[in-house]
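As given, the protein sequences belong to chains R and C, one line each in that order. Each residue of the first sequence is one higher than the one before, counting from 1 in the working numbering. Each residue of the second sequence is one higher than the one before, counting from 538 in the working numbering.
Everything labelled a hint here was simulated from the structure, so no lab data went into it. Where is the CB? At the ideal position from N, CA and C, for every residue including glycine. Hints should not be assumed to be uniformly reliable.
[To be verified] The list that follows gives simulated cross-link-like pairs (lysine-lysine, PhoX-like), each with its CA atoms no further than 25 Å apart:
| no. | chain 1 | residue 1 | chain 2 | residue 2 |
| --- | --- | --- | --- | --- |
| 1 | R | K177 | C | K627 |
| 2 | R | K68 | C | K653 |
| 3 | C | K626 | C | K653 |
[As the list claims (entries may be wrong)] DEER-style ranges, computed between Cβ atoms:
| no. | chain 1 | residue 1 | chain 2 | residue 2 | range |
| --- | --- | --- | --- | --- | --- |
| 4 | R | A29 | C | N645 | 31 to 39 Å |
| 5 | C | E551 | R | D501 | 26 to 34 Å |
| 6 | R | E178 | C | N643 | 26 to 34 Å |
| 7 | R | N300 | C | V618 | 37 to 45 Å |
[To be verified] Among chain C residues calculated to face chain R with C-beta under 8 Å, some are:
| no. | residue |
| --- | --- |
| 8 | F550 |
| 9 | V554 |
| 10 | Q556 |
| 11 | V569 |
| 12 | E571 |
| 13 | N597 |
| 14 | G600 |
| 15 | G613 |
| 16 | S615 |
| 17 | V621 |
| 18 | K626 |
| 19 | R628 |
| 20 | Y647 |
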Amino acid sequence: MSIVTGIELKQALLNSYACLSNEKEKIDALNVFPVPDGDTGTNMLLTYKSGIEAIVNSEEKSVSKLMKTFSRGLLMGARGNSGVILSQIFRGISKSFDTKETVDGYDVIEALVEARETAYKAVMNPVEGTILTVISDMSKDVYKYKKQEEIQDILRIVVESGEKSLNNTPNLLPVLKEAGVVDSGGYGLMVIFKGIQGFFAGEITEISEVIEVFDNLYISDESTEFGYCTEFIVELDKDKVAKYNFSEDMLKQQLIKIGDSLVVVHDDDIVKVHVHTLIPGEALNIGQKFGEFLKLKIENMTVQHEEIINEGQALNEYAICSVSPGSGISNYFKENGVTHIVDGGQSMNPSTNDFIKIIKQANAKNVLILPNNSNIILAATQAKEIIESSSSTKVEVLPTKSIIQGIATLAFFNDQAPITTNYEEMLESLEDVKYGELTYAVRNTVINDVDIKEGEYIAIFEKSIIKSSTDKLKTLFDLIDKMIDEESSVITLVYGNDVCDEEVTNVKHEVSSRYSDCELEVVNGGQDIYSYFIGVE
Amino acid sequence: MYQKNALNGEIIFENSVIQNIVGIAVSSCYGVVEMASVRRIKDRIFNNKKDYYEQGIVVNDYGNGIIDLDVHIVLGYSIPVKSVSSEVKKRIAYELDKNLSIKVRNINVYVDAIDKIG
């Protein structure tokens, strides 16, 4: 065959579509570059499908018109990197076929050269060893055979050259070599060209099985949304059923493309559908094709979800969010006016997002945040900025550097006062309390002339380490000694997970006899890492 | 400057490190014919096409390991904008995770212009 018309070209393209469809999963599996997410085959097939759909019912005899429609279809449906490149390759071919009613071998050579040109123009730094290299090598090799005019021969050369180029891709792109694969996009392109060549050589390929290409176009960008729970019952209309050839499977296949959690029940002349989708209108359109609705229900699940979160909470005047490293401390905070707890502390800093979530959950006009750790203050401040820029909620972050400061400052909170007054008073109160921590060392080091050995107990007074020793209680009392002065009146001890009841009794007894002038408050904090948080006011 | 907590001490990246990695990744993304510059007019005058492509990549550092990226690109005519933009985002996220173990919070892709590419 030396001359090809639109009719034959269409058949050839359909044949290549069947080939691509059969190899989709293999192409997916080859995908390691540029991002190894295994979607090249899916993207190429969806792109190609969009081109095929544009021409499948066409009786066009002119090659140029058919190619224009096909390439436009590809462009409209281009998905992913390889899909976009594929659409550009066919755009080049279509440009080259511009005025031709029929094409011969020589036209195909020219078209491939144009395809290469067009494909390369759309990228700043082309990466070799990809689909681009394959089309480039094909066009260069075939250009040598300028005199050859039989389309079959030209296509055979194209496929041979492409195979060679494809097998060379791992040498050009190290990522491919590491993974021991050829380029997935290049492989896909070869499948398409082989399909076209196969058609002219008389090898017709059938689609082996209908692979459900799950078109996640509507879902990928909106993965955080819940969409609409859509339910309807349709009374089937005999004429419409016959016209659209209704079957339960067919309805399912159409609906699964636009949603999930699909249930279809079919009983004589009634069909009931339940589907979660972002586009309920589309689901209804599909349903209405087969008859009239007996019942309809669409619920916005995103709203439902938010309602569940906000359930039982009217807009509150005040919310206090506090970071807490242990269950005991959380309980203590809650008893003292904290409304929301963010889990976290040293070595487990909550993120800005955690704060934003909790503030939204709090659903209050004014929110006070107690970070209770110097490393968390920044994240909380960031959350304040984001919340205040997007809503009318007023947020203040108190720079509490320790649990003790958090506990102490709560006493100055007044739920009748405006937030600015509260913030100022509480901020001032932070200076009145001295805080210390007792924990253990994880490695040997020397800090501030204190020699620290791994496993020893260390006493930290505000920001500096003042003592390190193997005797836990002695370290604790030395720390309290340092913290206390003549004006001190209250000692607060928050003990952690590793402190047993006996030790607590001992410490209580010892502290009240040593510092008889001071009031002692002991809290079971349940925190890790820190044996004691100590506060002196 | 982006800081990352390590076991002992910190790892600090200059923004230019992030810009370079993103620049190299984006400029090899199919469909991107040019990295736009936020100083586009000036760069156009001096024809700084490739050398200063970091100009088109803005790193917004919120501290505490949170960064947003603004990426300004020029696409070729007939290139599907949505597909390419989401590929660009995917590619950036992947390269930064692979090379620096950074998770970017938001990547905003700005298509500053469409160039005729023949």
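Verification of the hints:
1. K177/R / K627/C: The hint holds at about 22 Å.
2. K68/R / K653/C: holds (19 Å)
3. K626/C / K653/C: The given pair, whose Cα atoms are some 23 Å apart, holds under the 25 Å limit.
4. A29/R / N645/C: 31 to 39 Å: Because 33 Å falls inside the window, the suggested range holds.
5. E551/C / D501/R: 26 to 34 Å: violated (53 Å)
6. E178/R / N643/C: 26 to 34 Å: Hint holds: Cβ distance 31 Å, inside 26 to 34 Å.
7. N300/R / V618/C: 37 to 45 Å: The hint (37 to 45 Å, Cβ to Cβ) is violated, given that N300/R and V618/C are roughly 29 Å apart.
8. F550: With a minimum Cβ separation of about 17 Å from chain R (threshold 8 Å), the hint on F550/C is violated.
9. V554: violated (19 Å)
10. Q556: violated (16 Å)
11. V569: holds (6 Å)
12. E571: Holds, because the Cβ-Cβ distance from E571/C to chain R comes to roughly 6 Å (cut-off 8 Å).
13. N597: Because about 12 Å separates N597/C from the closest Cβ in chain R, which is outside the 8 Å limit, the hint is violated.
14. G600: This hint holds: G600/C lies near chain R, its Cβ roughly 5 Å from the closest one there, short of 8 Å.
15. G613: holds (4 Å)
16. S615: holds (6 Å)
17. V621: holds (6 Å)
18. K626: Result: violated, 10 Å to nearest chain R Cβ.
19. R628: Result: holds, 5 Å to nearest chain R Cβ.
20. Y647: violated (16 Å)
When held up to the earlier numbered hints, the structure conflicts with 5, 7, 8, 9, 10, 13, 18, 20 and fits the remainder.
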